[in-house]
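Sequence lines, in order, name chains A and B.
Residues -12 to 495 (my numbering) make up the first sequence, in order.
Residues 7 to 450 (my numbering) make up the second sequence, in order.
If you are wondering where the hints come from, they were derived from the structure by calculation, not from laboratory data.
Any given hint could turn out to be false.
Unchecked claim - Restraint ranges, calculated between C-beta atoms of paired labels, are given here: (1) A:E73 x B:E186: 46 to 54 Å; (2) B:E186 x A:S47: 43 to 51 Å; (3) B:D205 x A:E108: 34 to 42 Å; (4) B:M125 x A:G299: 30 to 38 Å; (5) B:K450 x A:G255: 24 to 32 Å; (6) B:M125 x A:F111: 18 to 26 Å.
Stated by the list, open to error - With the C-beta cut set under 8 Å, the calculated list includes, among others, these residues of chain B facing chain A: (7) G69; (8) L94; (9) S95; (10) K187; (11) G188; (12) N192; (13) K207; (14) S208; (15) G262; (16) A412; (17) G413; (18) N414.
Each residue gets a CB set at the ideal place from its N, CA and C atoms; glycine is no exception.
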Amino acid sequence: MEKHVVRDIPRRKFLELSMKGGLLVAATPALLTQLISCKNGVKTSSGMDMDKEMLSKVISRALEKGGDFADVYLESRISRQIVMEESRFKSGLYGISQGAGVRVISGNKTGYAYTDEITEEKLFRAAEVASYVARNGNQIKPVNITETSYPSFVTVKQPLGEIADEKRIEIIKRADQAAKDYDARIKMTMVDYYDEIRGRVIATSEGIYLRDELPLLFFIVQAMSDDGKARHMARERLSNHSGFEMFEDVTPETVARNAAREAIAMLGAEEAPAGIMDVVMQNGWGGVLVHEAVGHPLEADNIAKGIGAFTGKTGQKVASDCFTMVDDGTLPNFRGTINYDDEGTEAKRNVLIEKGVLKGFMTDILSAKQLSLTRTGNGRRESFRYMPIPRMTNTFIDQGKDNPADILSSTKKGIYVQSLSGGSVNPITGVFNFTCREAYMIENGRKTNPIKGATLIGSCMDVISNIDAVGNDLDFGPGICGKGQAAEVSAGQPTVRIRGINVGGSKA
Amino acid sequence: MNYIDLAAKLVKKSLSLGADSAEVFIESNRNLSIQVLKSEIETIEEASSQGAGFRVFVDGKMGFSHCNDFSDRSLEDTISKAIAFAKLSSPDENNVLTDDKGVTAVEGLYDAGISSLPMDKKIAMALELEKLAMKDSRITKSSGAGYGEGESEIFIANSNGLLKSYKSSGCSLGVSVVAEKGNQKNTGGEYCSRVFFADLKSLEEIAAIASRRAWELIDPVMIKTQRAAVIFDPEVARSLLGGIIAAINGERVLQGASFLKDHLNKQFASALLTITDDGTRARVIGSAPFDAEGVPTIKNILVQNGILKSFIYNVNAAKRAGVKSTGNASRGGFSSLPGIGTHNLCLEAGKQTQKEIIANTRKGLLLKEVTGYGIDPVSGNFSGGASGFWIENGEIVSPVKGVTIAGNAFDILNAIDMMGNDLDLNQTFASPTFRVAEMQIGGK
């Protein structure tokens, strides 16, 4: 039932039924929301400063009935989105959002409540609702909160707040033009520009008090080719926690041409073969395969429940010797970089699997306590409307020794996967699926004709044991990870070869 | 707060701030979620929330903004931003708002009784559900059970004098368990959601389905790569039909981004295929008296006997296509622009029982789970991971896991040759069992 999905950017998020009980709840403006300056404390609409003393009182109230831990999370977001479709600016979207969540943990139980209104009265009410689970629980005395500081891995040269909207418009126009100029068979482009500034205040019963604001940029170009016989929608994305200088490092033209190149290349796609085959995955966003197939099963929540695929395997050999996998929330300005997670634990570089041996899981406060593990800084949440759960940040297969060209040339027959649309995994059984976006046949060590988007399926344990070559060309790509709530992540890998994956082609 | 008056007031405010026309969408929600694990409460989440989205047109250009802070200053700032952002957009003659004041009478949108049921009863139901799902000895672990409920009230006002609102509710029960045998592990879950609490399936029924799904695929065989019949169980019909829905989105059709763009009024699928979208069906979660921009809902016939009868539209895409809105504007909440989506989809039932369909299959796969993205709405390409049961000479011989199925949408949809009678109209996406005569299956 619980499936983890890294998906394409949802152009529109329809009402979805979910186990979260939010039947008709406009679940969250995943990406759209606001910040009001953190510099002088988070201000509410009434201009009230949310001071430490006030937050201490909310924490005390939350623990009044009992409990082992309580925290308050305040968030504000300002977002801007500009959408171009068919070379016309469809709409500008501006969003402001603020709110706060109060959580109480008592034993294995968690109570959570949130409010859109950051007032003393509403926060106390949320604290009372959250404390329902702590009846008859432990009693602790909260530690006085004091200012905490961690290093930042996000640098900004051109702050988003100082960028005129005309500059955003220009970036979009340049991308649109570059995609159309690439080839006359590019019939349509869609360009999505999104930026936000998200401010957080975190106060916990362990005495942590943190506040910061992080900028995020997300730029997506889709290009559709049509030659009268075939049609392909291609996509390229660029995303960083950074200022507007992101577009100097990688120009909008580069992003657009990459999308257009894929769209044209795939017009000639033939039917993919069906059955078990060797797969070479190009460096970069293909890392989403390990994000799904191995990353989700290494999140500690299902391990704490005793049902995850890797339960009880710490210290054991679970993958090939050439396979090392890392989750690192500190990579400078990366999309998955967090400085600290949404419950106040400092971000770290966590080696999950080292030379094939399982080293550890990604934890949040609750699962770390349940499993007596250290906190890895992976407790993240989409917004104040969600409680934190273990999530990935920047997850990747670490650099190997093989030359990528040799990996290809030593593969006699198989599939060369240049990019994946995304996929999902059942973290309990470890069974995964991915859909190829751009892929080619490999014949006698050479890339030959492109093939239509086939699904790759397998089990996480098999796939990491069957990786027999890891390149020295580590690269990353940005994505949105869904696990009941969204998180911005990046996934990466060098070129790798996996022996024997089941490919869902339409040709025998 | 009186949201209906507020919505009307904010439309006027938008006009006074410089919009030529304006729409205000306000949403107010309450929700509760209870999760239990191993006979203990795992999480309880409860909240109320609200938000407003503003769509304005200035010189034919569209701007949009949203906020969840309802102070006067914040609302005014947010509207001003939408107006400023409109100036960045391109003019579009199709940027108009509906003036249809009609409201479709739909029965059973709201169950006023849900919120007054005691919390302890809801917790007890989730606990009991988990216990029942664990009863079978083949089930070794629980991955949790839950109860959820939500209430929502929507208010839409626009400068054509539209002022509408409705209240809706929903509740749900779900459970997921694990069956193990040796090194094998399989999960099974069931989830039931209804507008009315009284309509929820019994705990016993939900538990039995979850439990069966977990153990029924234990001891699978691997089949050879081959072409064979594929029978879609009602639960997995969505995996195939979802792509059709995305391909009949009127806006995507106008953009040329649909494999069905040139097939209106043409036979593109088997004559056994009839698909309707009905926003007016009583006591179903996808129903509403009007869509996300205030156009009254209707029952639309999308595909009739394999002929594509209609695309689906919101106001903008309909005007561009020179047709009327089909009442299919859809939003992901107050923070999103109205896009296009369906209400309650239904694939019309045929005459055969699932048993008869299986009995008439010499060699094939009864599909119980499909993974992947379904039909690609742009190219019509389909590929997915699959599991289910292998059929030989009209009988199920063994479970199958870890195979793939693939094909082209036109080939697959034209090859539907049997349609079942096992349609459950309580689902927002309702389909009977159907058979595709032949598809490519990837195995060993």
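Each hint, compared with the structure:
The beta-carbon spacing between E73 (chain A) and E186 (chain B), approximately 53 Å, falls within the hinted interval of 46 to 54 Å. At about 44 Å, the beta-carbon gap between E186 (chain B) and S47 (chain A) stays in the expected band of 43 to 51 Å. Restraint check, D205 (chain B) to E108 (chain A): a C-beta distance of roughly 37 Å satisfies the suggested window 34 to 42 Å. Between M125 (chain B) and G299 (chain A) the CB atoms are about 36 Å apart, so this pair conforms to the stated range of 30 to 38 Å.
About 30 Å separates the C-beta atoms of K450 (chain B) and G255 (chain A), a value consistent with the hinted range of 24 to 32 Å. For the pair M125 (chain B) and F111 (chain A), the beta carbons lie near 19 Å from each other, so the given range of 18 to 26 Å is met. The interface hint given for G69 (chain B) is met, as the beta carbon of that residue sits about 5 Å from the closest beta carbon of chain A, less than 8 Å. Nearest Cβ of chain A to the Cβ of L94 (chain B): about 5 Å, under the 8 Å cut. The hint holds.
With a cut of 8 Å, the hint placing S95 (chain B) at the interface with chain A holds, because the nearest CB-to-CB distance is about 4 Å. With a cut of 8 Å, the hint placing K187 (chain B) at the interface with chain A is violated, because the nearest CB-to-CB distance is about 13 Å. A cut of 8 Å between beta carbons decides the hint on G188 (chain B): the least distance to chain A is about 14 Å, and the hint is violated. Hint status for N192 (chain B) relative to chain A: holds, with the closest Cβ pair at about 6 Å, below 8 Å.
Checking K207 (chain B) against chain A by beta carbon gives a least distance of about 14 Å; that is not within 8 Å, so the hint is violated. Against a cut-off of 8 Å between C-beta atoms, the interface hint on S208 (chain B) is violated, since the closest Cβ of chain A lies about 19 Å away. Below 8 Å, beta-carbon pairs count as interface contacts, and G262 (chain B) has one with chain A at about 6 Å; its hint therefore holds. Interface hint status for A412 (chain B): upheld, as the beta-carbon distance to the closest one in chain A is roughly 4 Å, under 8 Å.
Here the hint on G413 (chain B) is kept, as its CB sits about 5 Å from the closest CB of chain A, short of 8 Å. With its C-beta approaching chain A no nearer than about 7 Å, N414 (chain B) sits inside the 8 Å limit, and its interface hint holds.
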